[in-house]
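Undergrad: Each chain is listed here by its residues.
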Amino acid sequence: MKRRDFIQKTAASATLLTLGGLSLSSFTTNNVKKITVLHTNDTHSHIDPFPANDPKNPNMGGVARRAAIVEQIRREEENVLLLDAGDIFQGTPYFNYYGGELEFKLMSMMKYDLATIGNHDFDNGVDGLLAQMPHAEFDFVSANYDFKNTVLDTFIKPYKIFKKAGLKIGVFGLGVELQGLVDVKLYKETKYNNPIEVAQDMSRILKEDEKCDIVICLSHLGFNYKNDLEKASDINLARKTKNIDLIIGGHTHTFLDKPVIEKNIEGKEVLINQVGCYGINLGRIDFYLDSEKNVAAAGGKKIII
Amino acid sequence: MVNVKKSALVLKHFVLILTLIVFGSNCSAQLVISKIEAKQININEKSYSLAEYNAYISPYRTHIDNELNTILAVCPETLDKSKGQWQSNIGDFLADATLEKTSPFFKKRENLDIDICILNHGGIRAILPQGDVTTRTAFEIMPFENTTVVVALIGEQIAEFVDYFIKEKKPHPISGITFTINTENKAADIMVGQKPLDLTKTYYVVTSDYLSNGGDNMNFFKKNTKTYDLEYKLRNILIDYFKDVDTIPITKKIKVTQIKQ
Chain G
1 MKRRDFIQKT AASATLLTLG GLSLSSFTTN NVKKITVLHT NDTHSHIDPF PANDPKNPNM
61 GGVARRAAIV EQIRREEENV LLLDAGDIFQ GTPYFNYYGG ELEFKLMSMM KYDLATIGNH
121 DFDNGVDGLL AQMPHAEFDF VSANYDFKNT VLDTFIKPYK IFKKAGLKIG VFGLGVELQG
181 LVDVKLYKET KYNNPIEVAQ DMSRILKEDE KCDIVICLSH LGFNYKNDLE KASDINLARK
241 TKNIDLIIGG HTHTFLDKPV IEKNIEGKEV LINQVGCYGI NLGRIDFYLD SEKNVAAAGG
301 KKIII
Chain P
1 MVNVKKSALV LKHFVLILTL IVFGSNCSAQ LVISKIEAKQ ININEKSYSL AEYNAYISPY
61 RTHIDNELNT ILAVCPETLD KSKGQWQSNI GDFLADATLE KTSPFFKKRE NLDIDICILN
121 HGGIRAILPQ GDVTTRTAFE IMPFENTTVV VALIGEQIAE FVDYFIKEKK PHPISGITFT
181 INTENKAADI MVGQKPLDLT KTYYVVTSDY LSNGGDNMNF FKKNTKTYDL EYKLRNILID
241 YFKDVDTIPI TKKIKVTQIK Q
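Respectively, the protein sequence lines represent chains G and P. Going by full-length UniProt numbering, the residue at position 258 of the first sequence is 258; the numbering climbs one at a time, nothing skipped. Going by full-length UniProt numbering, the residue at position 38 of the second sequence is 38; the numbering climbs one at a time, nothing skipped.
The set of hints was computed from the structure by calculation and includes no laboratory data. One or more of the hints may lead you astray.
As the list claims (entries may be wrong) - Facing chain G, from chain P, some residues (calculated, C-beta under 7 Å):
1) L31
2) K35
3) E37
4) I41
5) Y48
6) I57
7) S58
To be verified - Here are the simulated DSSO-like pairs of lysine-lysine, each with C-alpha atoms no more than 27 Å apart in a straight line:
8) K35/P / K160/G
9) K148/G / K226/G
10) K83/P / K56/G
What the hints assert, rightly or not - Anything over 10 Å on all C-beta distances counts as not near chain P; from chain G, calculated:
11) E76
12) Y98
13) L130
14) F138
15) V151
16) I161
17) I196
18) R204
19) N227
20) H253
21) N281
Note that beta-carbon positions come from the ideal geometry of N, C-alpha and C, so glycine has one too.
Starting from the given sequences, assemble the full structure and let the hints guide the process.
TA: Written out as structure tokens, the structure reads:
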């Protein structure tokens, strides 16, 4: 009896020792953690690829291809987030006939984690968006649209925190001003709040209160407005806030040669990316996290674009 | 036996201590971003497609294709919004067709005549290509779900529209109204139908619900005395119009005349 007891205990201890030893060695030698963020914006119901004779984007895009690329990356990477920066709706008859049902179903199949609300996502009104919610197996975030007095209240949260590889990744959403852009009878009593002020609050909550390791903004504000530099845009957002690591943009259908690095209010680097529109491109951002000591020894954070 | 038991106990404690050390050090060492790598992956014919997605999409596609590929009319030449400074041929066509389709409808419902049609240049989303015109063409030109609204405006606001038009320098589609831009870049000879604009008279303007609510900063629409929602989508007007005609009529009517210095 005692002997069996002993064997059991030793076996258990040995297992614990092995586990303990493993985490100890991984801590001292290789403690780098990696998070892969994939993103789209302004896909505008472009489910099929552009035809070969399209004058602008021949053979580009296509959901079935995007799904294959995402699947391949998921096979290679352990910690993947798939995000969309809004304007999922409107642009092909798939939307006119089915109201966004197929768009949401396909995004659910691809295991999108999160999306924000673009102005065209109101094209069938707040009721039209609500009607498609059952087809979306992913969440929506918008921090500066107040949906309290609409049917969308409780369906859209300001932010969501993901836990991957022991890390906390906080993602909040921002939307463009609706007045003059979207018919009021579509957005009804959705209240638009100043996105820069809201972002200052959000980044504080996510970084300081929630202690997130990575803070991401999913923005449908637009990249930059050359004729109205004061208008809320991703560039202004980056400059006037702190604690945001990455802004994933949309709305302006901006094709960037490469992601843009801006300095925030504290002089720290913020990465901004937007991948055009219509599912022509998929953005990929890989975050590597290490101990403060190692990062300092290596001369600080490096951004490779 | 006692010795063995003792060593097991020590071992257990050792593991516990070890675990605490590891746990403790993990807690104190908050990780920070060491490196970010960013790139863009172009999706094109080089990427393979997942068959299960194509199979999933297929029934939706077939249903839409059957409806959209129906040929409704023929267009003798390509109509394009990027051609023309103050008027585009596609804009002229759309505004004329909208006025033509909504007038009898409004007359029957309200016993009033529509005088003018005002649409927006930005709302035209594709060309009307030469050749077969299908339901798909209508969807491409008018993908939005906008409906038509008739707005009662005083002549003064019509003059405001003309000023807006000249200032915007965009060939917004118009019908039922003509005017001249004089050498001082001001409006002159504004005619509604065949008569000069009367600044105090009420005119009935058909437009989209989007513009009637001040879209594209057409704020003069908000000064209306009354609006009538026709609940007739712009795209359906277009589809119905295509069904009515065999060949798209091309008018070369001058609506806006600019006097150059």
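Undergrad: All hints are to be evaluated individually against the structure, with a verdict given for each.
TA: A quick look at each hint next to the structure:
Annotation: L31/P was flagged as interfacial toward chain G, and the flag holds, the nearest CB pair being 4 Å apart, inside 7 Å. Satisfaction of the interface hint for K35/P is found here, the shortest Cβ-Cβ separation to chain G being roughly 4 Å, below the 7 Å cut-off. For E37/P, the shortest C-beta to C-beta distance to chain G is roughly 4 Å, which falls under 7 Å, so the interface hint holds. A cut of 7 Å between beta carbons decides the hint on I41/P: the least distance to chain G is about 4 Å, and the hint holds.
Residue-level restraint check for Y48/P holds (minimum Cβ-Cβ distance to chain G is 5 Å; threshold 7 Å). About 6 Å separates the beta-carbon of I57/P from the nearest beta-carbon of chain G, less than 7 Å, and the hint is met. Below 7 Å, beta-carbon pairs count as interface contacts, and S58/P has none with chain G, the closest being about 10 Å; its hint is therefore violated. Taken as a hint, the K35/P and K160/G pair is honoured in the structure, with Cα atoms around 23 Å apart against an allowance of 27 Å.
For a cut-off of 27 Å, the pair hint linking K148/G to K226/G is broken: about 33 Å separates their Cα positions. Taking the CA atoms of K83/P and K56/G, the gap is near 18 Å; set against the 27 Å cutoff, the hint holds. Residue-level check passed: E76/G sits 13 Å from the nearest beta carbon of chain P, beyond 10 Å. Not every CB of chain P lies more than 10 Å from the CB of Y98/G, the least distance being 7 Å, so the non-interface label is violated.
For L130/G, the shortest C-beta to C-beta distance to chain P comes to about 16 Å, beyond the 10 Å cut-off, and the non-interface label holds. For F138/G, the non-interface assignment is confirmed: its Cβ lies about 17 Å from the closest Cβ of chain P, beyond the 10 Å cut-off. The non-interface label for V151/G is consistent with chain P: the shortest C-beta to C-beta separation is roughly 18 Å, beyond 10 Å. The Cβ of I161/G lies farther than 10 Å from every Cβ of chain P, with a closest approach of about 16 Å, so its non-interface assignment holds.
No beta-carbon of chain P is positioned within 10 Å of the beta-carbon of I196/G; the least distance is around 23 Å. Chain P leaves R204/G outside its interface by the beta-carbon criterion, the shortest separation being 17 Å against a cut-off of 10 Å. Taking the minimum C-beta to C-beta distance to chain P, about 13 Å, the non-interface status of N227/G holds against the 10 Å cut. The non-interface label for H253/G is consistent with chain P: the shortest C-beta to C-beta separation is roughly 13 Å, beyond 10 Å.
A cut-off of 10 Å between C-beta atoms contradicts the statement that N281/G is not in contact with chain P; the least separation is 5 Å.
The structure fails to meet hints 7, 9, 12, 21 from the earlier list, while all remaining hints are met.
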